[in-house]
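S.K.: Chain A is fixed; fit chain B onto it per the hints.
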Amino acid sequence: MTITSRVAQTARPAEGKTPTSASPGTGAFRSKSKIDPTYYWMVVPVLGLFAFFITLPALVGVFFSLTNYAGYGDWKFIGLMNYVNIFKDPAVLQSYIFTFVFALTTTVVVNVVALAIALGLNAKIKWRTGIRTVFFIPMVLSALIVSFVFNYLFSNTLPVLAERYGMTPLATSILANENLAWIAIVVVTVWQAAPGATIIYLAGLQSVPSEVYEAADLDGAGSFRQFLSLTLPLILGYLVINVILGFKGFLGTYEIIVGLTGGGPGMATQSVAMRIFSGFTGGDYSYQMANAVIYFLITLLISVIQLRLIQRRGVSL
Amino acid sequence: MTVSTHPEPITGAAAPTRITSGTPRNRKSNREGFKVNWWLTGLMLAASLTILLPLYFTVAMALKSPDQIGTGTGLAWPNPMNWENFAAAYVATNFPRAFMSTAFVTVLSVLGSLACSSLVAYAIARNWNHRFFRGSFVYLLSAMFIPFPVIILPLIKQTALLGLDNPAGVVFLHVLGGISFNTLLYIAFVRSIPVELEESARMDGATTWQVFRKIIFPLLAPMNATVGIFAFLGSWNDFLLPQMMIADPALQTLPVVQMLFQGEFNTNYSLAFASYLMAMAPTLVVYILAQRWVLSGVMRGAVK
Numbered sequence: 002m003t004i005t006s007r008v009a010q011t012a013r014p015a016e017g018k019t020p021t022s023a024s025p026g027t028g029a030f031r032s033k034s035k036i037d038p039t040y041y042w043m044v045v046p047v048l049g050l051f052a053f054f055i056t057l058p059a060l061v062g063v064f065f066s067l068t069n070y071a072g073y074g075d076w077k078f079i080g081l082m083n084y085v086n087i088f089k090d091p092a093v094l095q096s097y098i099f100t101f102v103f104a105l106t107t108t109v110v111v112n113v114v115a116l117a118i119a120l121g122l123n124a125k126i127k128w129r130t131g132i133r134t135v136f137f138i139p140m141v142l143s144a145l146i147v148s149f150v151f152n153y154l155f156s157n158t159l160p161v162l163a164e165r166y167g168m169t170p171l172a173t174s175i176l177a178n179e180n181l182a183w184i185a186i187v188v189v190t191v192w193q194a195a196p197g198a199t200i201i202y203l204a205g206l207q208s209v210p211s212e213v214y215e216a217a218d219l220d221g222a223g224s225f226r227q228f229l230s231l232t233l234p235l236i237l238g239y240l241v242i243n244v245i246l247g248f249k250g251f252l253g254t255y256e257i258i259v260g261l262t263g264g265g266p267g268m269a270t271q272s273v274a275m276r277i278f279s280g281f282t283g284g285d286y287s288y289q290m291a292n293a294v295i296y297f298l299i300t301l302l303i304s305v306i307q308l309r310l311i312q313r314r315g316v317s318l
Numbered sequence: 013m014t015v016s017t018h019p020e021p022i023t024g025a026a027a028p029t030r031i032t033s034g035t036p037r038n039r040k041s042n043r044e045g046f047k048v049n050w051w052l053t054g055l056m057l058a059a060s061l062t063i064l065l066p067l068y069f070t071v072a073m074a075l076k077s078p079d080q081i082g083t084g085t086g087l088a089w090p091n092p093m094n095w096e097n098f099a100a101a102y103v104a105t106n107f108p109r110a111f112m113s114t115a116f117v118t119v120l121s122v123l124g125s126l127a128c129s130s131l132v133a134y135a136i137a138r139n140w141n142h143r144f145f146r147g148s149f150v151y152l153l154s155a156m157f158i159p160f161p162v163i164i165l166p167l168i169k170q171t172a173l174l175g176l177d178n179p180a181g182v183v184f185l186h187v188l189g190g191i192s193f194n195t196l197l198y199i200a201f202v203r204s205i206p207v208e209l210e211e212s213a214r215m216d217g218a219t220t221w222q223v224f225r226k227i228i229f230p231l232l233a234p235m236n237a238t239v240g241i242f243a244f245l246g247s248w249n250d251f252l253l254p255q256m257m258i259a260d261p262a263l264q265t266l267p268v269v270q271m272l273f274q275g276e277f278n279t280n281y282s283l284a285f286a287s288y289l290m291a292m293a294p295t296l297v298v299y300i301l302a303q304r305w306v307l308s309g310v311m312r313g314a315v316k
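These protein sequences, in sequence, are chains A and B.
Position in the first sequence (from 1) plus 1 gives the number in this note's numbering.
Position in the second sequence (from 1) plus 12 gives the number in this note's numbering.
The set of hints was computed from the structure by calculation and includes no laboratory data.
Check each hint, because a few of them may be wrong.
Claimed, not checked - Straight line, CA to CA, 25 Å or less: simulated DSS-like cross-link-like pairs of lysine-lysine:
#, chain 1, residue 1, chain 2, residue 2
1, B, 169, A, 77
2, A, 127, B, 47
3, A, 35, B, 226
4, A, 77, A, 89
Since we're looking at a predicted model, the values are computed, not measured.
Bound-form chain A, shown alone:
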């Protein structure tokens, strides 16, 4: 996982925690005078660096999105022209559609797979530690290198196997197929991201007290019924966290696409992040910055909607 997705990941757990320990308005004046200056030395340098390396670039980006800067040379203000043009640009629209369809599909598949693995690992199986070790291996591997390996599997191994067993539709590489390439990206992303979600589900499953199941057993509830009526509602909070973190992370997918298709064939699998990065070399710096600002507003909107949903449903961890 890249920093981005990891940073995005815990936005939500924090929300629940901060208000509880905040005692609004109290002590702000009283304590101001007697704080040990050492505490400022602990925080201020880091805050300064943070502002300089994270906040400043964001503001500079917003500024340049209002110009016609190409990444070099002169520039002048052109107001909201970049934004207007983006809404008329079919390539940008396509990248947004691809990114959202991809993120939605991947979120669903990752969560189904991760929950299944977590249930399996939590069950009465032999060699649990060993099997668990294997399932979490993808977590420690570089997504890019994993994609290179799968790239060969998809473009060489799979077609040869398909031909051998007479499955002609698969006899050409699915990476070269405009309509199927995104499925390969979903598969590799699931392979890479499922362990992280599995860990959260395992934590959830282990938090369910065993008495609940003993009672259900006495009442004669079958195991499938127990899963639907007990396990699922009890780990709903973990599911929500996984869905939110996952969706946000998958919106920013980059490495796996680079390793598999490079955005192709054509521009069929070009994500928003890839388009934005292209502004660095493509001479449309300010245009892609406007794209980045729109991307930011969309992700912010999604975060707000998700927060609202969580609050309304009263889900908490």
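M.R.: Just chain B, lined up with the frame of chain A:
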């Protein structure tokens, strides 16, 4: 992915487990204490092939000569094995230099993340009533809502201007990029440390720095492990930042160096896979040797 296709049997067996899994951490007695569900064990073993097969494939490919790769599936085990691939890949990618560069970025990022986030978290948690510190916390958290693609273009220009278009610059960003998340983990933990512990030390004349170094930081050990693992994996495997920031190809990190094999005319797969394997091996080996420790560390991060 075969894993996803069997929700029912898995759930079917999941329920009775609870009786054992509810009792904390007694894996040994679990192993003897319940009736093993062999059917499910088989299913899980089969599912774990989805992980093992690509890894086996990578190893098999890395040991083949170009002739052995030919037009086959690549799944057969090579005979004879071609160990020279590793030596060739070692030279082609200038492995020692890439390894040192990656290690430099990773070690400094881990140390930086541990030091910065724990200090910030300590100061914030102990001065929560103070507006400045509470404000700092909200400010750091707000960064979680900014996706990386949004700042990357101006950021690269900025680091290039400052002469930070090298591994040192990447270290800065790894530390700062993870600081919101790490501070969050630490703050929850610092709050659980009783203030009385510090107060007695202060009575004896310890300064705030000494209190932090001698008392707080050692007590944070479990969280240090969690933050350290995340920082290590994130930094070692990062592709985006080094690729975009490091201007001198000679200083590139291991994941970025693998791009070398993606050229149009480069079809030397045996060399490529040997190199992939060498780049993946360090984290894989560390993980397998310390897996219980790594997993418990990551688990702690997940629960928070």
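S.K.: Work down the list of hints and note, for each, if the structure agrees.
M.R.: Hint check results:
Of the pairs offered as hints, the one joining residue 169 of chain B and residue 77 of chain A holds, with about 18 Å between alpha carbons and a cut-off of 25 Å not exceeded. Distance restraint check for residue 127 of chain A and residue 47 of chain B: the Cα-Cα separation of roughly 9 Å lies within the 25 Å cut-off, and the hinted pair is therefore satisfied. Between residue 35 of chain A and residue 226 of chain B the alpha-carbon distance is near 23 Å, which keeps this suggested pair within the 25 Å criterion. Pair hint residue 77 of chain A plus residue 89 of chain A holds up; C-alpha atoms about 22 Å apart against a cutoff of 25 Å.
Checked against the numbered hints above, the structure breaks none of them.
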